[in-house]
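J.: These are the residues of each chain, in order.
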Amino acid sequence: MPELKAIGIRVYRGDHAVLDGLDCELGTGRCLQVTGANGAGKTTLLRVLCGLIEPEEGELWWRGSRISLRSPEYQRALCYLGHLPPLKDDLTGRENLRFASVLRSTSAPGGREAAIGAALAEVGAADFADRPTRSLSTGQRRRVALAALPLSEASLWILDEPIANLDAAGQAVVASLIARQLARGGSVIAATHQELGLPASSRDELVLGADR
Amino acid sequence: MSDFFRMGGYAVYLWPAYALTFAVLAWNVLSARRALREAKAEARRRMGLRPEPRS
Amino acid sequence: MDWTWFHKFGSPPHVYRLAGTLTPWFAWPAGLLIAAALYGGLVLAPPDYQQGDGFRIIYVHAPSAWVSTMVYAVMATSAAIGLIWRMKVAHAVAASCAGIGASFTAASLVTGMLWGEPMWGTWWVWDPRLVAQLVLLFLFVGYVGLRSAIDDLGRADRASAVLAIVGVVNLPIIRYSVEWWNSIHQAPSVMKMDRPSMPIDMLAPLLMMLLGFTLFFAAVLLVRLRAELLRRERAAAWVKEVVS
Amino acid sequence: MIGAALAVVGRDLRLALRRPGQALQPLAFFAVVTLLFPLGYTPELDKLRQIAPGVLWVAALLAGLLSLESLFREDAQDGTLEQMLLSGQPLAALALAKTAAHWLLTGLPLTLMAPVLGIALGVPGSAMPGILSSLALGTVTLSLVGAVGAALTLGVRRGGVLLGLLTLPLTVPTLVFGARATELAIAGEGLSGALYLLAALAVLAVTLAPLAVAAALRIGSE
Chain H
1 MPELKAIGIR VYRGDHAVLD GLDCELGTGR CLQVTGANGA GKTTLLRVLC GLIEPEEGEL
61 WWRGSRISLR SPEYQRALCY LGHLPPLKDD LTGRENLRFA SVLRSTSAPG GREAAIGAAL
121 AEVGAADFAD RPTRSLSTGQ RRRVALAALP LSEASLWILD EPIANLDAAG QAVVASLIAR
181 QLARGGSVIA ATHQELGLPA SSRDELVLGA DR
Chain F
1 MSDFFRMGGY AVYLWPAYAL TFAVLAWNVL SARRALREAK AEARRRMGLR PEPRS
Chain Z
1 MDWTWFHKFG SPPHVYRLAG TLTPWFAWPA GLLIAAALYG GLVLAPPDYQ QGDGFRIIYV
61 HAPSAWVSTM VYAVMATSAA IGLIWRMKVA HAVAASCAGI GASFTAASLV TGMLWGEPMW
121 GTWWVWDPRL VAQLVLLFLF VGYVGLRSAI DDLGRADRAS AVLAIVGVVN LPIIRYSVEW
181 WNSIHQAPSV MKMDRPSMPI DMLAPLLMML LGFTLFFAAV LLVRLRAELL RRERAAAWVK
241 EVVS
Chain D
1 MIGAALAVVG RDLRLALRRP GQALQPLAFF AVVTLLFPLG YTPELDKLRQ IAPGVLWVAA
61 LLAGLLSLES LFREDAQDGT LEQMLLSGQP LAALALAKTA AHWLLTGLPL TLMAPVLGIA
121 LGVPGSAMPG ILSSLALGTV TLSLVGAVGA ALTLGVRRGG VLLGLLTLPL TVPTLVFGAR
181 ATELAIAGEG LSGALYLLAA LAVLAVTLAP LAVAAALRIG SE
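Protein chains in written order, with my numbering: chain H, 1 to 212; chain F, 1 to 55; chain Z, 1 to 244; chain D, 1 to 222.
Extracted from the complex, chain H is given alone in its bound form:
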């Protein structure tokens, strides 16, 4: 049974069909890399899959049952990271993550602060987590935002350009984050042209706009 399956997704912008009857499938414990030219609808597809955009037509199946994109159970099970790191400039990285964690009502068995500390250490952001976000560089912001992924306890990660603006070390962090998520039995959808650094055995690819 696949983790997530989308059938016949159709999204219009005016007359133009951004996604025209798209099917895709994501296996449990696998990473689906979405590629395609600019304007092929990568971001649109990701936003449809997390329920931000309601498609004109199409079905979504999650763990064997058809769901509404806005079902709270599904949304609690997914964590979306868009190309902007969702951080407040006036808060520190740690405060931002604390808010994200309480907002999702994560269980954090070992205590919330410990979980935040562990997540920050995992992405190598512990050194600058207590500085106001406005003083951080673009790459540092991305790292703080990435810490929200392990913290979210989500089984499905949906990532838009996760390694943009990251140096080699940062890209390695993303690769290891994804690898650990897959090893835990979670799944990942990532839209990027760059190499994610994953073994081909755990990776599928979806090329958008290939038939045009």
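Note that these hints are calculated values from the structure, not bench results.
There are no misleading hints in this set.
With a cut-off of at most 27 Å between alpha-carbon atoms, the simulated DSS-like pairs for lysine-lysine come out as follows:
1. Z:88 to F:40
2. Z:240 to F:40
3. Z:8 to Z:240
4. Z:8 to F:40
5. Z:88 to Z:240
6. Z:8 to Z:88
Here the structure of chain H is known, so what remains is to put chains F, Z and D in place on it, guided by the hints.
T.: Then chains F, Z and D, alone, in the frame of chain H:
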């Protein structure tokens, strides 16, 4: 007849009220018909530009 | 239950053709009724014992006010249907309503003022009906403004539908609050318009006008709806059939 | 759900605390508008007292409106609004929390400031409890109605003007009942009737407005 148009001295109020209301009615008719005409013309123009492929 | 009628009303080509067929059935009776009511109201009806011939403004004022309220009701209902069942045709109906509604609301306000000046000696009275009508005009204008400010049609449809529904909840409250406010600040007798009974030769033209304006609105709405459907569905195959 | 809503309130309050200048702007606006009236009308306190209810309420309304424009805009721009939409929490509850924070940061300070401005308009000290209670209730409704407008105009061209056009007509009932309550308070008469009506409006707004805000936010962030 001129009595009718004088409307018992209320002509200055009554006739503008009628004129305005009927102007609104006329505007509604004309603008609706113009909208339909323009929408049809636009559709024809698009059809001319992008003819349906014959199968 | 058989839902095919519901799906038929959700199908743009079907609605387009139906609207085209129905338009004359509304337009002609509307024209005849309005013409007959004009004759009845301006010539046959006797002058009012208090207001003389001035009362004849009622034959254009009351129908305009009535239609403006009805347009809002139709607009909000179809907006709600469009929002709940994601029905494109319903959104097209709501979009077609706003301009008609705004024009009739403006007409009712101005004719109300033209009636007020000879009757109460002032162009404007802070009367509940006038204030509520003014708020209605702002709602129509705001609705059009919101629609035109959003580029994406689907978003504009749904955002303006939320606004229309919010307006429906608010209009009665606004009306009530202004009446309450008016009862404090003004003697309520100033605006007493309604009388126990109107003689039949005065009432009949009024009823004919009300019906005539209603049918007129229906006819205009159907024409605008067809234009709106053509514009929205310009890429669809059925449009090519109907315009060629 | 309650924890998440409280987190939203707490975060917005903390953000305002880090930018005190921004939070004070509506208050300064309220003061400036109110104090323009003696200059534009008359310095005689007896006459000013008559128009004080209307002046205080209209100025409070405009000051509140000024701060509403950014209610959801900043969250939408930095992406935290999307995280709220996707949190799996009922969006109406989060919308209510955002509005509650807005009221704590604008409605409440405006209310507390009104007596001070009232003195400048010749309002007697005995009217202050009435002014405080009516504004406290009325600003709740204003924040909620305004939040609907702010959510509808999210990401819209020239949203500020449109926000005013959409919101102000809907605030007529609050203005009517609020100004009347203030008038009664100044005249030293019982104002419980007007306060009940204001409370009824506030309850209605608390129940319905969050649903409209939630719907508008989903539409606005597509």
